[in-house]
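K.L.:
Line order of the protein sequences matches chains A and U. Just so you know, the working numbering puts 82 at position 82 of the first sequence, and the rest follows in order with no gaps. Just so you know, the working numbering puts 1126 at position 126 of the second sequence, and the rest follows in order with no gaps.
Worth flagging that the hints you see were computed from the coordinates, not collected in a lab. Keep in mind it's a predicted model, so treat the numbers as computed, not measured. Any given hint could turn out to be false.
Said to hold, decoys possible - Pairwise CB distance ranges (calculated):
#, chain 1, residue 1, chain 2, residue 2, range
1, U, 1417, A, 190, 29 to 35 Å
2, U, 1356, A, 314, 44 to 50 Å
3, U, 1360, A, 302, 48 to 54 Å
4, A, 2, U, 1297, 57 to 63 Å
5, U, 1429, A, 42, 20 to 26 Å
6, A, 211, U, 1168, 31 to 37 Å
7, U, 1417, A, 338, 28 to 34 Å
8, A, 302, U, 1309, 23 to 29 Å
9, A, 306, U, 1440, 34 to 40 Å
As the list claims (entries may be wrong) - The calculated lysine-lysine pairs, modelled on DSS-like cross-linking and capped at a C-alpha distance of 27 Å, are:
#, chain 1, residue 1, chain 2, residue 2
10, A, 46, U, 1429
11, A, 188, A, 336
12, A, 49, A, 192
13, A, 49, U, 1225
In this text, a Cβ means the ideal position worked out from N, Cα and C, and glycines have one as well.
Below are the chains, spelled out letter by letter.
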Amino acid sequence: MTLELIGISVLWLFLFGYLIVASIDFGAGFFNAYSIFRGKQHILNKIIKRYLSPVWEVTNVFLVFFFVGIVGFFPKTAYYFGTTLLIPGSIAIILLAIRGSYYAFATYGELKQKRFAFLYGMSGLFIPASLSIVLTISEGGFVTMEDTGPVLHYWTLFTSPLTWSIVVLSLTAVLYISAVFLTWYAYKAKDKPATELMRKYALIWAAPLIITAAGIIVEMRYHNPEHFERLIDLWWLFGLSFLLFAGTVYLISKRKRYGLAFGLLSGQFFLAFFAYGMSHLPYLLYPFLTIYDSFTNEAMAIALIIAFIAGLGLLIPSLFLLLKLFLFNKDYVEGKRNDFA
Amino acid sequence: MGNEESVFFSRVLTELTLSFHIIYATIGVGIPLMIMIAQWVGIKKQDEHYILLARRWARGFVITVAIGVVTGTAIGLQLSLLWPNFMELAGQVIALPLFMETFAFFFEAIFLGIYLYTWDRFENQKKHLLLLIPVAIGASFSAIFITIVNAFMNAPQGFDLVNGELININPILAMLNPAMPTKVSHVLVTAYMTSAFVLASIAAYRLLKGSDHVYHKKALFLTMKLGLIFSIATAVIGDFSGKYLAEYQPEKLAAAEWHFETEEGAPLILYGVLDNGEVKYAIKIPYALSILAHSKPNAEVIGLEEFPADEIPPLYIHYLFDIMVTIGMWLTLLSFVYWIGTMRNWSFIQSKWYRWLIVLGGPLAIIAIEAGWWLAEVGRQPWVLRGIMKTQDAATTSGHVDTMLVLFAGLYLALGIGSIIVLTRMFRKNTVEQELIDREIEKAGDKL
């Protein structure tokens, strides 16, 4: 494995981490707002709060890790993506900032207003939508090189069916991942009504997810045939991913083994996300930038990889402790203790 | 939008984001240490007042840390969005500490979540205190790594520039640049100092507003003592910073001190105004600049005349220097008198006017932090990477930076107001007196 591949794999792994934890977070906010709207707040509120409170700050770090890391391993991305993403990037930051601080205000400052809960829920849909645009742009066809540098063409971007399909995929993925996870969490908390409600949402969002995902592969055939062919070469990975998806839906619909169902879901997304990532290579921004011509020098790459391994040595036990104390602590999950400062 | 405009608005937006972020970041670095000390004193003295102090600080800290995290995310991304050329170049040499900072931040975030939600979970309180150590270490190391990047911008090294190409890159050498030791230590101790004075300011305010509870007196004495210690440390490190500047960034020192001509036995200029290139109404301390720069009263200090006109930073940074140093000295004096006064039972330090001065100390410390960062950043101009890349060549070529500036200004306004409202409501609703009753706290001394 070359240093370039190690670098991009590390980053992709953290982006996958963000995909899962952020989806749970975004979806939870949406379901919470929706249940307030339907007058069923009492069913979900406690479960969602109990899960999110100790971990919300960690979610953001996955994203920070990714965008700091990509500039470290591939400094040229700062030039290409930095120049073109000013507007979508800034909007995503502002939404993330409002969302993160509102969460703290509401949870610790007892700022409870329906209006804010709605804004919070909606921001959880707009953030994945605006972030997913980066993936669309990377497929090529929306950026041209001018004398001043790379320029993003918004009109082409917003009239492309590919853009909107990827946006829809990001939304369905958020809702599906979140619903499956919260089904499991509510089940562990022995909260029957919440389990049933989340189970229903999980089943509702399963079909739209798989349809949009398949639809995007078809669209790629017209948008970027080169990428389409590499996607097809990896058909077996997508096939395996689909089997895991079917397993999750089976378990959820039979009301069996919710923990395993979430495990299968993680596997499904892991395979699909990495298969997509592999087929995207070597391009970071088609056709201008590949992982090879944007790569940093060898000394920096090795230093970053060493720092990464040392960092993981610190993080994995810490994350394990976090999960042990909250996610896998029976008393905490069942709401028998809180122990907040 | 022409590129000059893009450069201008990129600078304004970066300045705005950093000026807002630094308030929460400074508090975020310093407060975990203060919580740790209070909780430790509480366990050691078996005094529940200190434990409750730590607990209440921790609760307020969550709000400031949330703003620190989201604005930190903003500046992290804005570096690439507004300064793509700079990040492309600098990323090759200085990406390592940026990357390490995310780990420190990660570490802090995980343990902060654990610490906040395990207050009564352990029989042995020391176990709970142990969980705070990674938070304090993570917070301080975040500051260390980020400041290393800033130090690199002032004194870049660890590479060779040949025909516009960077070669022989050594990331470790880049981190250990000459600006690093003084800058990192200055940022750390001033963060502790500022946090101590902000917390002292809150305690003094509660005492003024009618609560005579010994809890607040303990809080005030503890934070003023810590403020004094870190003020003295700041002064010592400030002296080293002067020596660093004289050696490696003489133009920055000369501009901050309005030192125009190279001379031996240079005086230090404090205050004053600049009128058509002439310094008026200033206090001149003979030989002091030579001592600050080289520890010798007769040493030669390089003046601004030796630099090309387009490589001299704006001269208004002298005012920023004045503000920073004056506030620093004032707070040292204020806390020193308070400490001596408490030891010797001087009554005036318990008086209303003295407490109002302490209340004022918190906001003043924040102003000093702002002035210090503006001095550091404006004093590096016209360079973004000293000697290598000018700020005007680093900015984005994209338009719409002005629109983004408006959006972010609105965001920071909302976050600033929101955090103040939430913090006051949190503590006004649940007063110390009420909480002491609710928690049935008895094991506490009634003296300082």
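K.L.:
So, for every hint listed, does it hold in this structure?
P.N.:
We went through each hint and held it up to the structure:
Checked against the hint of 29 to 35 Å, the pair residue 1417 of chain U and residue 190 of chain A fails, with Cβ atoms roughly 41 Å apart. For the pair residue 1356 of chain U and residue 314 of chain A, the supplied restraint of 44 to 50 Å holds, since their beta-carbon distance comes to about 45 Å. The beta-carbon spacing between residue 1360 of chain U and residue 302 of chain A, approximately 51 Å, falls within the hinted interval of 48 to 54 Å. With their beta carbons about 60 Å apart, residue 2 of chain A and residue 1297 of chain U fall inside the hinted range of 57 to 63 Å.
A C-beta distance of roughly 24 Å is found between residue 1429 of chain U and residue 42 of chain A, which places it inside the suggested range of 20 to 26 Å. In this structure the hint that residue 211 of chain A and residue 1168 of chain U lie 31 to 37 Å apart at CB is violated, the actual value being about 54 Å. Between residue 1417 of chain U and residue 338 of chain A, the C-beta spacing of about 29 Å keeps the proposed range 28 to 34 Å intact. Hint check: residue 302 of chain A to residue 1309 of chain U, Cβ distance near 43 Å, so the stated range 23 to 29 Å is violated.
For the pair residue 306 of chain A and residue 1440 of chain U, the supplied restraint of 34 to 40 Å is violated, since their beta-carbon distance comes to about 52 Å. Among the hinted pairs, residue 46 of chain A with residue 1429 of chain U is consistent with the structure: their alpha-carbon atoms are about 23 Å apart, no more than 27 Å. For the hint pairing residue 188 of chain A with residue 336 of chain A, the CA-to-CA distance comes to about 13 Å; that is within 27 Å, so the pair holds. For the suggested pair residue 49 of chain A and residue 192 of chain A, the alpha carbons sit about 17 Å apart, so the restraint of at most 27 Å is met.
A threshold of 27 Å between alpha carbons decides the hint, and for residue 49 of chain A with residue 1225 of chain U the separation of about 39 Å lies outside it, so the pair is violated.
Checked against the numbered hints above, the structure breaks hints 1, 6, 8, 9, 13 and satisfies the rest.
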